[in-house]
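Protein sequence lines correspond, in order, to chains A and B. Following this note's numbering, the numbering of the first sequence begins with 3 at its first residue and continues without gaps. Following this note's numbering, the numbering of the second sequence begins with 3 at its first residue and continues without gaps.
It is possible that part of the hints are untrue.
Which copy? The list can't say, so a pair holds if one copy fits it or any two copies do.
Computed list of lysine to any residue pairs in SDA-like fashion (alpha-carbon distance at most 25 Å, straight line) [said to hold, decoys possible]:
hint	residue 1	residue 2
1	Lys15	Ala68
2	Lys15	Asn58
3	Lys15	Gly255
4	Lys15	Gly65
5	Lys15	Asp224
6	Lys15	Glu123
7	Lys15	Ala61
Please keep in mind that the hints were generated in silico from the structure rather than gathered at the bench.
Protein chains: 2
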Amino acid sequence: MPDDPDRRQSTIKDVAERAGVSLSTVSRVVAGNYPVAQATRTRVQRAIEELNYVANTHARALGGGATRTVGFIVNDVRGPAFAEAVHGVEQEAARLGHICLVATTDGDPARELAAIRLMREQRAAAVFLIGGATDSAAYRARMADIARSLDAAGSRLVLCGRPPLGDGIPATAVEYDNEGGAYALTGFLVGRGHRRILYVGGDLTFTTTAGRVAGFRRAMADFGLPVDEGLFELGAQFTRAAGYERVSARLRGGRDFTAVFAETDVVAAGAMAAVFDAGLGVPEDVSVVGYDDIPLATDLRPALTTVRVPYEELGRAAVRAALERPAGRPEPHQMLGTHVIIRQSAGRPASA
Amino acid sequence: MPDDPDRRQSTIKDVAERAGVSLSTVSRVVAGNYPVAQATRTRVQRAIEELNYVANTHARALGGGATRTVGFIVNDVRGPAFAEAVHGVEQEAARLGHICLVATTDGDPARELAAIRLMREQRAAAVFLIGGATDSAAYRARMADIARSLDAAGSRLVLCGRPPLGDGIPATAVEYDNEGGAYALTGFLVGRGHRRILYVGGDLTFTTTAGRVAGFRRAMADFGLPVDEGLFELGAQFTRAAGYERVSARLRGGRDFTAVFAETDVVAAGAMAAVFDAGLGVPEDVSVVGYDDIPLATDLRPALTTVRVPYEELGRAAVRAALERPAGRPEPHQMLGTHVIIRQSAGRPASA
DNA sequence: GGCGCCAGTGGGACCGTTACCACTCCCCGC
DNA sequence: GCGGGGAGTGGTAACGGTCCCACTGGCGCC
Numbered sequence: 003m004p005d006d007p008d009r010r011q012s013t014i015k016d017v018a019e020r021a022g023v024s025l026s027t028v029s030r031v032v033a034g035n036y037p038v039a040q041a042t043r044t045r046v047q048r049a050i051e052e053l054n055y056v057a058n059t060h061a062r063a064l065g066g067g068a069t070r071t072v073g074f075i076v077n078d079v080r081g082p083a084f085a086e087a088v089h090g091v092e093q094e095a096a097r098l099g100h101i102c103l104v105a106t107t108d109g110d111p112a113r114e115l116a117a118i119r120l121m122r123e124q125r126a127a128a129v130f131l132i133g134g135a136t137d138s139a140a141y142r143a144r145m146a147d148i149a150r151s152l153d154a155a156g157s158r159l160v161l162c163g164r165p166p167l168g169d170g171i172p173a174t175a176v177e178y179d180n181e182g183g184a185y186a187l188t189g190f191l192v193g194r195g196h197r198r199i200l201y202v203g204g205d206l207t208f209t210t211t212a213g214r215v216a217g218f219r220r221a222m223a224d225f226g227l228p229v230d231e232g233l234f235e236l237g238a239q240f241t242r243a244a245g246y247e248r249v250s251a252r253l254r255g256g257r258d259f260t261a262v263f264a265e266t267d268v269v270a271a272g273a274m275a276a277v278f279d280a281g282l283g284v285p286e287d288v289s290v291v292g293y294d295d296i297p298l299a300t301d302l303r304p305a306l307t308t309v310r311v312p313y314e315e316l317g318r319a320a321v322r323a324a325l326e327r328p329a330g331r332p333e334p335h336q337m338l339g340t341h342v343i344i345r346q347s348a349g350r351p352a353s354a
Numbered sequence: 003m004p005d006d007p008d009r010r011q012s013t014i015k016d017v018a019e020r021a022g023v024s025l026s027t028v029s030r031v032v033a034g035n036y037p038v039a040q041a042t043r044t045r046v047q048r049a050i051e052e053l054n055y056v057a058n059t060h061a062r063a064l065g066g067g068a069t070r071t072v073g074f075i076v077n078d079v080r081g082p083a084f085a086e087a088v089h090g091v092e093q094e095a096a097r098l099g100h101i102c103l104v105a106t107t108d109g110d111p112a113r114e115l116a117a118i119r120l121m122r123e124q125r126a127a128a129v130f131l132i133g134g135a136t137d138s139a140a141y142r143a144r145m146a147d148i149a150r151s152l153d154a155a156g157s158r159l160v161l162c163g164r165p166p167l168g169d170g171i172p173a174t175a176v177e178y179d180n181e182g183g184a185y186a187l188t189g190f191l192v193g194r195g196h197r198r199i200l201y202v203g204g205d206l207t208f209t210t211t212a213g214r215v216a217g218f219r220r221a222m223a224d225f226g227l228p229v230d231e232g233l234f235e236l237g238a239q240f241t242r243a244a245g246y247e248r249v250s251a252r253l254r255g256g257r258d259f260t261a262v263f264a265e266t267d268v269v270a271a272g273a274m275a276a277v278f279d280a281g282l283g284v285p286e287d288v289s290v291v292g293y294d295d296i297p298l299a300t301d302l303r304p305a306l307t308t309v310r311v312p313y314e315e316l317g318r319a320a321v322r323a324a325l326e327r328p329a330g331r332p333e334p335h336q337m338l339g340t341h342v343i344i345r346q347s348a349g350r351p352a353s354a
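Could you put together the complete structure from these sequences and hints?
Written as structure tokens, this is what we have:
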């Protein structure tokens, strides 16, 4: 047995020779849907097993066209919310007979671009961009370009959890309601008597942040409460550490709020830790709420009041929109609903 | 503009025509390493940009052989520990210029098999199986088969977090030390004075469980303590709910242990919740320890004493082992170390 | 009994790219 | 002045499938 490093999988040709039939016949047996005599079929199938034959996707893709591959691009698979969305995409894609390519970007637009390029090289049937983005004219122009390129190649761009690009751009968006969820959650806090709420979140150019802040503001306005611009801690990373530091610093500077609206549950976990480390209680002294309803929210003590976001369904819906859409091409934009999950981390302020 | 549904990406041929050169020259420019006159190169590059040309991986793979694609197969990307490993694989693969295919199995061997088949169809350069497995003679035979098939095709099977298949089987294993970690953690509990420790974990046929239970037993033996076979709660799922239920049931039946060794942090979270719901305290009444050191461990209150497992490094090491291995083929099995992280969830038993 | 049809099969062309070989200059050295 | 060699380029045969077209019998129908 010579150890040639460039070994070869057996091919359809090997199978054909062994079974004593033509290439076409083997192809038909593998495909399964053409008329082949039972005897021939059996013979070919035996040859396939004996040779351990496995079809070559690349050859198939080259000839036929359709790839049965989709790609998804995500900030970081370790984020529990992203992980849920990824799971949804993966499950639904598998159900429809597609296999997934992944790439992570750490939020870097350059890496996002590079990842999209790779997906294009792979001729993915659809590309899913999962999670918010830093919005700008440049971003929109870039995405529009990409959407058109993908569309021209018979592929599809799907934005999951970020807003549509606008009419005429061949991209699908599947969102969940950041604005509405934040509105409801803020309303809940206000209902409990909070008037001064510290908002801890990301940069306003980030689509997710923009939506949640908008909902927050609208709720405050609707309830006739003033918004103190000094009570925004923006530009934070979506990490536990950032939540901890921002809230710690605020508490050191004098506690002029009764509740913390953390933009994600992970940030809320940091915020809660900061409150405890300042010798205060949650929710007695400071109420803390989050957003996303990741599993952690249940395990925090007190358990976190938050907004349930159907991330898995988001992923599934995105795949369905891209892959099950009939040939005629409507441009379905979907907006999934969210709702507040009331647990123990938010109560009435001491003053109320 | 006719809306033909089967549109075409521009190809190397289109580029060649537009730039007025041959296919070979375009190919050389794209590859980048052959001698091409500067003027020609520029002309071709312009054509590439104008046509928005993107190379077709499938055609490349068909001709050349090497794929620059790796596949990883995991129980569930939502598990924080898995997610870390997946992240490691993804990052390292990207660094080496490879793109990742993912598939999830929910622990179902049949789906694992199907996923491996898909990876084979894609001619992945390596296939990573991430996480423990249910061991059996059938499992080993199956894996050996797969390893040989993959090897015969010039690909590679890598087991991440499960034991090697044995000599002569062309598969690489990258493990972390389940036995040693459990030994150390048990030693820690014993050192604090615990003698009756409830072990909550999976099925003994599961490789991870087997390793951790073995370490637990060895530690008890080394410290001269008897092992009460009644203090094993095995066959549990690795979920919060399972941890909660198993420990709740035990507590209802009378508390005959002073500490809980939960096989994973997620199970530990459930265990802690059960202790609280029984009106007891952690660690005053019952100490709880976990395994994995996922982010949740920090956020639990009390913060969880656990075993740090370098999951991300596991993923990275696996990729390096598979992709950077020189042509001559050593069969490197690696065992990564673990260590105990002491936090607040384990103290001295009341009796001590 | 001749004709058409269809089930079953084989024979290519083609998909987009790379690898290899061949060819043409031009420059240099003897 | 001529041969050798290398830089720069073109031509073409793979790679492993699928798909379309063509061919062969056998059968039913008029």
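Against the structure, the hints come out as follows:
1. Lys15 x Ala68: both (23 Å within a copy, 20 Å between copies)
2. Lys15 x Asn58: both (12 Å within a copy, 24 Å between copies)
3. Lys15 x Gly255: neither (76 Å within a copy, 66 Å between copies)
4. Lys15 x Gly65: both (16 Å within a copy, 16 Å between copies)
5. Lys15 x Asp224: neither (72 Å within a copy, 61 Å between copies)
6. Lys15 x Glu123: between (27 Å within a copy, 16 Å between copies)
7. Lys15 x Ala61: both (13 Å within a copy, 19 Å between copies)
Consistency with the previously given hints fails for numbers 3, 5, ordered from lowest to highest.
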